[in-house]
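In our numbering, the protein residues as written are 59 to 188.
Note that these hints are calculated values from the structure, not bench results. Glycine residues also receive a C-beta, built at the ideal position from the N, C-alpha and C atoms. Just so you know, not all the hints are guaranteed correct.
Under the rule of at most 25 Å between Cα atoms (straight-line distance), these lysine-lysine pairs were calculated in the BS3-like manner [as the list claims (entries may be wrong)]:
| # | residue 1 | residue 2 |
| --- | --- | --- |
| 1 | K109 | K129 |
| 2 | K129 | K119 |
| 3 | K151 | K119 |
Okay, the calculated beta carbon distance ranges per label pair [what the hints assert, rightly or not]:
| # | residue 1 | residue 2 | range |
| --- | --- | --- | --- |
| 4 | P134 | E187 | 47 to 55 Å |
| 5 | F105 | T133 | 19 to 27 Å |
| 6 | Y89 | G118 | 18 to 26 Å |
| 7 | A132 | E187 | 41 to 49 Å |
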Amino acid sequence: MLGDERSTNLGSVYESVVAQELHAHGNALHYYDNKQRGEVDFLIDDFNNLKVLPIEVKSGKDYTVHSALTKFLATPDYTVARAIVLCNDREVKTINGITYMPVYYSMFIGGTTGVNIEDTVIPEVPMPEV
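Turn these sequences into a full structure, and let the hints steer you where they fit.
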């Protein structure tokens, strides 16, 4: 960061910012690390579905590559069918149960009132005709 090398530390900066934002909204933060499956950045309570919601933070262009998250979702014992990937993309989209959204959307995720991915997506507002 001090040497103006954006790519060097941006991932850890994003994770720190997301951790702070999730915590500020009342989420208890948990981390997942398994030798066979890998690590997932955050696990928070999904109160609405009585499940856990895995969240992965990606700072690079290949944000759709997340082998640990994919393995986590594929584990039948966990019965987790959806996840969030916070990334640099400006578009919100859901593919195979994984919702990709801009990293700054972390301010809309959960807390003690529960997590509802559909509620985290801000609808597009059409620009007025000039």
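How the hints compare with the structure:
1. A hinted pair counts as satisfied when its Cα atoms are at most 25 Å apart, and K109 with K129 qualifies at roughly 17 Å.
2. For a cut-off of 25 Å, the pair hint linking K129 to K119 stands: about 21 Å separates their Cα positions.
3. Between K151 and K119, the direct Cα distance comes to roughly 15 Å. Compliance with the 25 Å bound is thereby established for this hinted pair.
4. In this structure the supplied range 47 to 55 Å holds for P134 paired with E187, their Cβ-Cβ distance being about 51 Å.
5. For the pair F105 and T133, the supplied restraint of 19 to 27 Å holds, since their beta-carbon distance comes to about 21 Å.
6. Between Y89 and G118 the Cβ separation comes to about 20 Å, which falls inside the hinted range of 18 to 26 Å.
7. Checked against the hint of 41 to 49 Å, the C-beta distance between A132 and E187 comes to roughly 47 Å, which is consistent with it.
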